[in-house]
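Can you make the complete structure from the sequences, with help from the hints?
Chain by chain, the residues:
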Amino acid sequence: MSKSFRQSQSFLHTWSGLLLGWVLFVIFMAGTIAFWREGLNRWMRPELDRIEQPYTVLGGAQRFLQGKAADAKSWYIAMPSDKSAGAQVYWQPQPEPGKERGGRRGGRRSRENQALIGADGLPAVARETRGGDFFYRFHFDLHYMPVIWARWLVGVAAMAMLVAILSGIVTHKKIFKDFFTLRRGKGQRSWLDGHNATAVLALPFHLMITYTGLVTLMAMLMPWAVVANYADTEKLYDRLFPHVEEQARSGTRAPLIDLGRVVRNAEQRLGGPAGSINVSEPGDAAATITVTGAPSAMLSSRAPSLTYRGTDGAFVWETPAPGGASVTAGAMIGLHAGRFADYGMRWLYFLCGIGGTLMVASGLVLWIVKRREKLPDPARPHFGFRLVEWLNIAVIGGFPLGVAAMLWANRLLPMAMKDRAEWEIHALFIAWGVALGIASVLRSGRAWTVLLGATGALLATIPVYNVLAAPRGLPATLLQGDYLLAGIDLALMTFGASLLATARRVATYRPAAKRPRKRVPGGGAQAPVSSSGLHAMEPAE
Amino acid sequence: MTATTGSKGTAADAWKRRGDMTLRIVAAVPLGYAVASLWAMALARLLPGDRAEATVAATLVAFALCAGAAMWAFAARSGWRAFWTLVVAGAIAGGLTWLSIMGSGRL
Amino acid sequence: MIVLCLIVAVGTFVLFGLSTNQHHQQRLGAKLTPPRKKALRSAAWGGVGLCLALAFLAEGAVYGAIFWLGALSFGAAAVFLFLNLAPTSADTSRRAK
Chain A
1 MSKSFRQSQS
11 FLHTWSGLLL
21 GWVLFVIFMA
31 GTIAFWREGL
41 NRWMRPELDR
51 IEQPYTVLGG
61 AQRFLQGKAA
71 DAKSWYIAMP
81 SDKSAGAQVY
91 WQPQPEPGKE
101 RGGRRGGRRS
111 RENQALIGAD
121 GLPAVARETR
131 GGDFFYRFHF
141 DLHYMPVIWA
151 RWLVGVAAMA
161 MLVAILSGIV
171 THKKIFKDFF
181 TLRRGKGQRS
191 WLDGHNATAV
201 LALPFHLMIT
211 YTGLVTLMAM
221 LMPWAVVANY
231 ADTEKLYDRL
241 FPHVEEQARS
251 GTRAPLIDLG
261 RVVRNAEQRL
271 GGPAGSINVS
281 EPGDAAATIT
291 VTGAPSAMLS
301 SRAPSLTYRG
311 TDGAFVWETP
321 APGGASVTAG
331 AMIGLHAGRF
341 ADYGMRWLYF
351 LCGIGGTLMV
361 ASGLVLWIVK
371 RREKLPDPAR
381 PHFGFRLVEW
391 LNIAVIGGFP
401 LGVAAMLWAN
411 RLLPMAMKDR
421 AEWEIHALFI
431 AWGVALGIAS
441 VLRSGRAWTV
451 LLGATGALLA
461 TIPVYNVLAA
471 PRGLPATLLQ
481 GDYLLAGIDL
491 ALMTFGASLL
501 ATARRVATYR
511 PAAKRPRKRV
521 PGGGAQAPVS
531 SSGLHAMEPA
541 E
Chain B
542 MTATTGSKGT
552 AADAWKRRGD
562 MTLRIVAAVP
572 LGYAVASLWA
582 MALARLLPGD
592 RAEATVAATL
602 VAFALCAGAA
612 MWAFAARSGW
622 RAFWTLVVAG
632 AIAGGLTWLS
642 IMGSGRL
Chain C
649 MIVLCLIVAV
659 GTFVLFGLST
669 NQHHQQRLGA
679 KLTPPRKKAL
689 RSAAWGGVGL
699 CLALAFLAEG
709 AVYGAIFWLG
719 ALSFGAAAVF
729 LFLNLAPTSA
739 DTSRRAK
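Residue numbers (the working numbering), protein chains in the order written: chain A, 1 to 541; chain B, 542 to 648; chain C, 649 to 745.
Calculated from the structure, these hints are not laboratory results.
Even glycine gets a Cβ: it sits at the ideal position worked out from N, Cα and C.
Warning: the hint list may mix true and false statements.
Have a look at the derived ranges for each label pair, beta carbon to beta carbon [said to hold, decoys possible]: (1) Lys173(A) with Ala632(B): 33 to 41 Å; (2) Ala632(B) with Leu19(A): 25 to 33 Å; (3) Val710(C) with Ala491(A): 26 to 34 Å; (4) Val651(C) with Pro123(A): 40 to 48 Å.
Here is the structure:
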């Protein structure tokens, strides 16, 4: 590989990584947390019991919807499992006569038309929270902005990430030779080794998650192939996402069959668990029940659906097998979301995600460390340096603090508070704002210590609070064999302890005295300065 | 920027560098996306088989083309070379797409 | 089977790691010779293949391929951390002085 090609890609790598690095850090961190989305949905509603009998919940959901929304246009029930907090149900009321129903999917799901059915089949009584779903949504919709803007920003960031990974591979000269190299106490070179390690060791994951991330947004980011082939996009979507034609309401009342019977039949036909149930025109003679397979049961995100007649449960329709490109796209989206992953695979995804988050963070810090060593006057760095350093502290130190604050808000905010779920999220951004302030006021070393230390302390103590004041603490969850909840508490303690240790490391760091760079006038040799033994360590190779 | 030659030479060099960099950045970001999009359109028209499948396949590939264009924009010998090669690549794709649509229309 | 696959992955990267000068010197106390380097690397590549076979047996073709890549990353990271962070005999003797 020619030297100038490598150099050109090195420049590209630095800038594509730097310009969007802070956005990428937040996306990676939120996305990594989102792998435990369902677990957090449960953890953030500690009042709720684990679901043992999904069909009991389903029966309860049907009874609830029958009572609450007997004449709705449609019902939606998310089939629960022992990992979910409950069965999320939505219903869509009949449109007012004369009002057009816009779009294929109909109206927005408002807060009034949803409920959570708990393990006993009754509506769950739990604190209002977005749970783990917040982290999932946030990593592509962000917050406080129209989702289209957020997705464009995330899409551009993902493309920058892809370019950074590919150019990084080209630039990395001795990728195999230096595979196990970690020079310690060597400033910029240590940070480079760390950045390389987190990048290379999980390289297949990073490439996959970035490319597939772009694919999940492809309809918005790259609609041009559609434009080239279709004047009427409805034709394409009907081909790619086939569904049963919606039946008009007949007006004749007819009771809906027991959904449990239909779902059991569907699970038999699908050869796997059901994921969701959609009932169109319940209580009417023209009612239909569509059961979609669970995404956990297959790699593709596009699970097949089966449609049944609502009155007697007769099987009516099945999704036709998709074509090759559709299967590929579905598999790519499925790989990204990782819903197919059981615990073992999910842990690998999570660890790789942590690696990716550290890769982005170490890259951003490396930029600063490298340039600090080259500053002509370390006391007065140029504006670009100060800006990057401030952003590093504010984002890498601030966002994790926000997450810790949000988890505490989930524990402490009053149950009856209005807009409680939104306020948990406001707590995240308020804490992040405070971190921004700290980054602006304290010098960098002190700011890092304060932010990392505070985050560490907050995370490490939540499980203690859980034991003392929450319905379920670590001893209880371990005894019940509820490893999902126990695992989250243990992970929080581990992250907390690691951050505290890192904060201590930063606080006690004493950089080695540098040899003076300036040449003695007259062309004399540089005067050596004795330093601490730190750069006596040379790599053995 | 340290002056090693006469001041007139370095000022011109500096502008040359800025121009080169600007061309590369334009080549990488707006132009690269446009070229990838045009090739997505051309592939969607030209790939054999079912139109819906070809459309999806072309879209999946387009992201790799976009990244490739950005890498080329910086690897090319000069900013100008990066720019005109991508324009040509885009024009070819655009031409193929246009001819195909003129020929058999859209669904 | 899954656990075995992970163990093999770790073993594979131990072999790869020991086939580098620095870590061979630090952990085994002897200089790395070219024939030994070749032997270690061949064995390690064999481990990569064995890991893939075990992953296929455990999870089938599609999920197996995915798990194999995850297992390799896990093995690489675990060995990387161990080789670089676990104290060597040189460290302990330095501390004893």
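Hint-by-hint comparison with the structure:
1. Lys173(A) with Ala632(B): 33 to 41 Å: holds (36 Å)
2. Ala632(B) with Leu19(A): 25 to 33 Å: holds (29 Å)
3. Val710(C) with Ala491(A): 26 to 34 Å: holds (29 Å)
4. Val651(C) with Pro123(A): 40 to 48 Å: holds (42 Å)
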